[in-house]
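*Asks:* Chains as they are written, first to last, in numbering that gives the first Met the number 0: chain U, 0 to 112; chain S, 0 to 121.
Because the hints were derived from the structure by calculation, they are not lab data.
Just to be clear, a hint being listed does not mean it is correct.
[To be verified] Among chain U residues calculated to face chain S with C-beta under 10 Å, some are:
| hint | residue |
| --- | --- |
| 1 | VAL18 |
| 2 | ILE22 |
| 3 | VAL25 |
| 4 | VAL30 |
| 5 | GLY32 |
| 6 | THR39 |
| 7 | VAL56 |
| 8 | ALA76 |
| 9 | GLY78 |
| 10 | ALA99 |
Just so you know, even glycine gets a beta-carbon here, dropped at the ideal spot from N, CA and C.
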Amino acid sequence: MRLILIGLLAGFFSALFGVGGGIVIVPLLLVAGWKIRTATGTSLAAIGITASAGAAVYAVHGQVEPAYAALVGVPAAFGALAGTTLQQRLPVRTLSFLFAALLVAIAIRMLVQ
Amino acid sequence: MTYALAVVLGVVAGTLSGLFGVGGGILFVPILTWLGLTQLHAEASSLLAIVPTVVVGVWRQQRYGNVRWRAAGILGVASVAAAVGGAQLAVSLPEATLKRLFAVLLILTAGQIAWRARRKQP
């Protein structure tokens with residue numbers, strides 16, 4: 000039952016913002032007592048379904064640009080492989096603050112545009 | 000030129016999301032708007048762009064035994080119903096509002112990343 004509620008919340012959020020919804024699913028699974036690794040892995044598999052469904056809904060409205068999605072998405076899959084490998088070798092904690100700052104900078108740019 | 004830029008930004012976004020454990024969408028959306036898509040089209044296309052990264056990610060995670068398929072199935076199927084509502088709302092909102100809401104989401108995500116990094120500090 001709890002999983003259904005989390006799924007509903009994640010699906011709404013995901014489609015509204017065009018993101019996977021892991022930012023909703025993972026913390027809620029942790030609250031429910033899951034271990035971080037299982038929560039992340041399971042969330043990822045759920046996102047596969049959520050994102051495909053969201054993309055299909057938008058595609059019906061004609062808002063999906065498949066060429067752009069592929070141009071960004073396919074290279075990103077390779078990048079993600081590199082990223083998870085680099086994770087073991089870089090001081091990720093320190094870099095996290097820089098990355099957070101980058102996200103805030105993007106947000107500010109979007110707000111003042 | 001735009002295409003080459005898209006590929007480069009895609010690699011960068013994927014690397015960052017793998018490195019910091021965030022989904023690609025949070026970066027795909029701003030990238031796609033920079034490439035000239037509207038906020039709505041960027042969000043719609045981002046969902047499709049997420050799929051390849053997720054497939055690779057799940058393939059890796061499942062080797063470590065981190066995927067509970069039944070739970071993922073329940074989460075995923077439940078999310079489909081709500082996705083229709085989310086998309087409906089996104090379509091009905093003005094472009095500027097959608098953009099502002101996304102900016103708030105970015106700041107919240109930044110907060111979560113910083114909080115997580117602080118907590119892990121020895």
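*Asks:* For every hint, state whether the structure bears it out.
*Replies:* To see whether the hints hold, each was checked on the structure:
no., hint, result
1, VAL18, "3 Å, holds"
2, ILE22, "6 Å, holds"
3, VAL25, "9 Å, holds"
4, VAL30, "14 Å, violated"
5, GLY32, "13 Å, violated"
6, THR39, "7 Å, holds"
7, VAL56, "4 Å, holds"
8, ALA76, "4 Å, holds"
9, GLY78, "2 Å, holds"
10, ALA99, "4 Å, holds"
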